[in-house]
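One-letter residues, chain by chain:
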Amino acid sequence: MALVEVEDLVKHFPVRGGILNRVIAKVNAVNGVSFTIEKGDVLGVVGESGCGKSTLGKTLIRLIESTGGSINYDGVDITNLNHRDMLPFRRRMQIVFQDPYSSLNPRLTVRALLKEAITHHKIVAEADMEDFIESIMLKVGLRADQKNRFPHEFSGGQRQRIGIARALALQPDFIVADEPVSALDVSIQAQVLNLMMDLKDEFGLTLMFISHDLKVVEHFCDRVLVMYLGHVVEEMSCVDIHENALHPYTKALLGANPINDPDDRRELTVLEGDVPSPFNPPPGCPFVTRCPKVEARCNDAMPPLVDKGEGHRVACFVVND
Amino acid sequence: MSAQRNAPILQVQNLTTSFRTDDGILTAIEDVSIDVHPGETLGIVGESGCGKSVTSKSIMRLLPTATSILSPESKIMFDELNLAHCSEKDMRSVRGARIAMIFQEPMTSLNPVFTVGWQLDEALSYHTDLSKSGRRQRSVEMLRLVEMPNPEERLDEYPHQLSGGMRQRVMIAMALCCEPEILIADEPTTALDVTIQAQILKLMEDLKTRLNTAIILITHDLGVVAQVCDHVCVMYAGRVIEKGTVREIFHTPQHPYTRALLESIPKSGRREHGKRLPTIEGVVPALNNLPPGCRFAARCSIAEDQCIHNEPDLKDHAFSGRPVRCHIPINQTTAAAGSKGQA
Numbered sequence: 001m002a003l004v005e006v007e008d009l010v011k012h013f014p015v016r017g018g019i020l021n022r023v024i025a026k027v028n029a030v031n032g033v034s035f036t037i038e039k040g041d042v043l044g045v046v047g048e049s050g051c052g053k054s055t056l057g058k059t060l061i062r063l064i065e066s067t068g069g070s071i072n073y074d075g076v077d078i079t080n081l082n083h084r085d086m087l088p089f090r091r092r093m094q095i096v097f098q099d100p101y102s103s104l105n106p107r108l109t110v111r112a113l114l115k116e117a118i119t120h121h122k123i124v125a126e127a128d129m130e131d132f133i134e135s136i137m138l139k140v141g142l143r144a145d146q147k148n149r150f151p152h153e154f155s156g157g158q159r160q161r162i163g164i165a166r167a168l169a170l171q172p173d174f175i176v177a178d179e180p181v182s183a184l185d186v187s188i189q190a191q192v193l194n195l196m197m198d199l200k201d202e203f204g205l206t207l208m209f210i211s212h213d214l215k216v217v218e219h220f221c222d223r224v225l226v227m228y229l230g231h232v233v234e235e236m237s238c239v240d241i242h243e244n245a246l247h248p249y250t251k252a253l254l255g256a257n258p259i260n261d262p263d264d265r266r267e268l269t270v271l272e273g274d275v276p277s278p279f280n281p282p283p284g285c286p287f288v289t290r291c292p293k294v295e296a297r298c299n300d301a302m303p304p305l306v307d308k309g310e311g312h313r314v315a316c317f318v319v320n321d
Numbered sequence: 322m323s324a325q326r327n328a329p330i331l332q333v334q335n336l337t338t339s340f341r342t343d344d345g346i347l348t349a350i351e352d353v354s355i356d357v358h359p360g361e362t363l364g365i366v367g368e369s370g371c372g373k374s375v376t377s378k379s380i381m382r383l384l385p386t387a388t389s390i391l392s393p394e395s396k397i398m399f400d401e402l403n404l405a406h407c408s409e410k411d412m413r414s415v416r417g418a419r420i421a422m423i424f425q426e427p428m429t430s431l432n433p434v435f436t437v438g439w440q441l442d443e444a445l446s447y448h449t450d451l452s453k454s455g456r457r458q459r460s461v462e463m464l465r466l467v468e469m470p471n472p473e474e475r476l477d478e479y480p481h482q483l484s485g486g487m488r489q490r491v492m493i494a495m496a497l498c499c500e501p502e503i504l505i506a507d508e509p510t511t512a513l514d515v516t517i518q519a520q521i522l523k524l525m526e527d528l529k530t531r532l533n534t535a536i537i538l539i540t541h542d543l544g545v546v547a548q549v550c551d552h553v554c555v556m557y558a559g560r561v562i563e564k565g566t567v568r569e570i571f572h573t574p575q576h577p578y579t580r581a582l583l584e585s586i587p588k589s590g591r592r593e594h595g596k597r598l599p600t601i602e603g604v605v606p607a608l609n610n611l612p613p614g615c616r617f618a619a620r621c622s623i624a625e626d627q628c629i630h631n632e633p634d635l636k637d638h639a640f641s642g643r644p645v646r647c648h649i650p651i652n653q654t655t656a657a658a659g660s661k662g663q664a
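So the protein sequences, as listed, match chains A and B.
Using this note's numbering, read the first sequence as starting at 1 and increasing by one per residue.
Using this note's numbering, read the second sequence as starting at 322 and increasing by one per residue.
Quick caveat, the hints were computed from the structure, so don't treat them as lab data.
Keep in mind the model is a prediction, meaning the values are calculated, not measured.
Hints may be right or wrong, so weigh each one.
As the list claims (entries may be wrong) - Listed next, the in silico DSS-like pairs over lysine-lysine satisfying Cα-Cα at most 25 Å (straight line):
(1) A:K139 - B:K396
(2) A:K293 - A:K39
(3) A:K215 - A:K251
(4) A:K215 - B:K636
(5) A:K115 - A:K139
(6) A:K147 - A:K39
(7) A:K200 - A:K215
(8) A:K122 - A:K147
(9) B:K636 - A:K200
(10) A:K200 - A:K122
(11) B:K596 - B:K396
(12) B:K523 - A:K251
(13) B:K588 - A:K200
(14) A:K215 - B:K396
(15) A:K251 - A:K293
(16) A:K200 - A:K147
(17) B:K636 - A:K251
(18) A:K139 - A:K200
(19) A:K293 - B:K523
(20) A:K215 - B:K410
(21) A:K39 - B:K596
As the list claims (entries may be wrong) - Here are the computed distance ranges between Cβ atoms for each label pair:
(22) B:Q332 - A:D198: 56 to 62 Å
(23) B:S414 - A:D274: 37 to 43 Å
(24) A:L87 - B:G603: 38 to 44 Å
(25) B:E462 - A:D300: 38 to 44 Å
Ideal Cβ positions, reconstructed from N, Cα and C, are used throughout, including at glycine.
Using the sequences and the accompanying hints, generate a full structural model.
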């Protein structure tokens, strides 16, 4: 059953300038993105910096308001819900941010960081608060006696655990994880990924996992959305991603990823050309400027996402022929 | 392989760098010895705080003189000059001209108030006798070499007008404009997207073959190491713990840390999908609170009593002859069985 259904989601950021501070341009961060996430699934979102993957995550849980399209959560259209009606959904949809250094208030202890949200959403009675906070800390691998410490007393990996604890404290059923392990060392990254896997199983969470690291996404996610300049260019299962990838951009991303085997040295795929400016994207496929398989028709219109079976969707004229 | 190798161009011996801090003198790297050969890429790998950047900055003598101390035994032999203790004047003739460096952050390592052309010109005017127009011509050539689009126009642009990948190319052009014999690249691609990373790595590879430059590549990305390095030096908490060719390190790691590090990378393929990753529990010890024994002992799965009390020396493994800092190094055969498999 689908937990999240997104239809044609659009987010444009206005750019203001001039002496009257009028809108002089807009950045098309997310351009008509549609997808569904089944209950209990992990959807990976990959793409280069500036492709709109973080904006998609934030728009999805309405930390940023969308410009167009609809978001259905557990059967309810939450796109235009008012503050009060949105509140229960705010609790159910949580986010873990990329940077464990800047996403925690340095003036609050771990206890205060967790308590703030718990009190606001009235998760437990005041009398049970301390026990509840301690149990959440244990769940994410922190010690209960660390609850009166400040964020700066923790390492990067531990801070990310605090971020996860904060999301988990509200007993959500959906978490957007925005590059949760990108700032961490390899060995710590593995610890945090394992923790997220365990919590997902224990609490039956559904996750959207935003990352630029294909290795991590491939390992951790069930399905993946590949984004390029605000568009989804391919959606597929994460199993055997190397064999099944069809879109030239997905192939380029996979080919540029260095493989951990010195005996398997290969020419890394190098894309020629530059990423078009998001202020002024090309009218056709956004990838035309760098695509090795570009044809004349690619310049005219954005290719539609075509279903190739088993939910594998590709937006490319050449591949879909 | 070692038989045909050229004599090392740079020999670092017993390099020990300490810092004066509020907590007293802290030793960031201890007894680091590495050899760098022309036309080869040496990878220095390790996690944050292991001392890989301090090693490179010590070689370049870029650490603050007021707070950093290189021990008297430290030797950085480059062309009969001991860079560890030579005068600043001697160092200046080497730095930038014969040993150049690329820094991690292309966003912050370029001066934002000067044009790209000015910054390229600075190194050339200091180290070469070229005229002003000759220097400009050379700058354009260098930008062309790093495959910068429209190099003539770029010279008059400021760093903020360039993308991350282009800024990194400017950094590389600056580093290479005097045709250095050694290029030190400190996490040159960490801040970049994989597609841009591929471009930069290919560029460095081309330069190595064309100019026979020796490259020291500092990184925490083991995939990058596997693809471009010839030799690898693994560091942990300020110590070199293992050295070897890239194949030896990846296929038959001897130090438990090296093996654990390799295993903790997500692997691809159906077999591995969604499995728990092997992890290294715990964290790297703090420099002001180092254990008396092996620095990895607290996180090591095979640590014994002696590991907790005595720090092992970096000595050649009885079986392979490769240097490893461990009392009970992994036997070649078991290591091969344990970590074989591709990513």
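Proposed proximity, K251 of chain A with K636 of chain B (alpha carbon, max 25 Å): Given that 25 Å is the threshold and the Cα spacing comes to 44 Å, the pair is violated.
Need the status of pair K215 of chain A, K251 of chain A: alpha-carbon distance at most 25 Å? Cα-Cα ~14 Å, so holds.
In this structure, is the beta-carbon distance linking S414 of chain B and D274 of chain A contained in 37 to 43 Å? Distance hint for S414 of chain B, D274 of chain A holds at roughly 38 Å.
Run the distance test for K293 of chain A versus K523 of chain B: straight-line Cα separation, threshold 25 Å. Distance of about 22 Å is within 25 Å: holds.
Starting from K215 of chain A, check that the Cα of K636 of chain B is at most 25 Å away, please. Not OK: K215 of chain A and K636 of chain B at ~35 Å, beyond 25 Å, violated.
Below or equal to 25 Å on CA atoms is what counts here, so check K139 of chain A against K200 of chain A. holds (12 Å)
Are the Cα positions of K596 of chain B and K396 of chain B separated by 25 Å at most? Roughly 46 Å between the alpha carbons, so the hint for K596 of chain B and K396 of chain B is violated.
If you draw a straight line from the CA of K147 of chain A to the CA of K39 of chain A, is it 25 Å or shorter? violated (32 Å)
Tell me if the straight-line CA distance from K200 of chain A to K122 of chain A falls inside 25 Å. Holds, because 23 Å separates the two Cα atoms, which is no more than 25 Å.
Between the alpha carbons of K139 of chain A and K396 of chain B, is the straight-line distance 25 Å or under? violated (49 Å)
Take a look at whether the Cβ-Cβ distance between E462 of chain B and D300 of chain A falls inside 38 to 44 Å. holds (40 Å)
For a C-alpha distance cap of 25 Å, please report whether K122 of chain A and K147 of chain A respect it. holds (20 Å)
Of the numbered hints stated above, those contradicted by the structure are hints 1, 2, 4, 6, 9, 11, 14, 17, 20 and 22, listed in ascending order.
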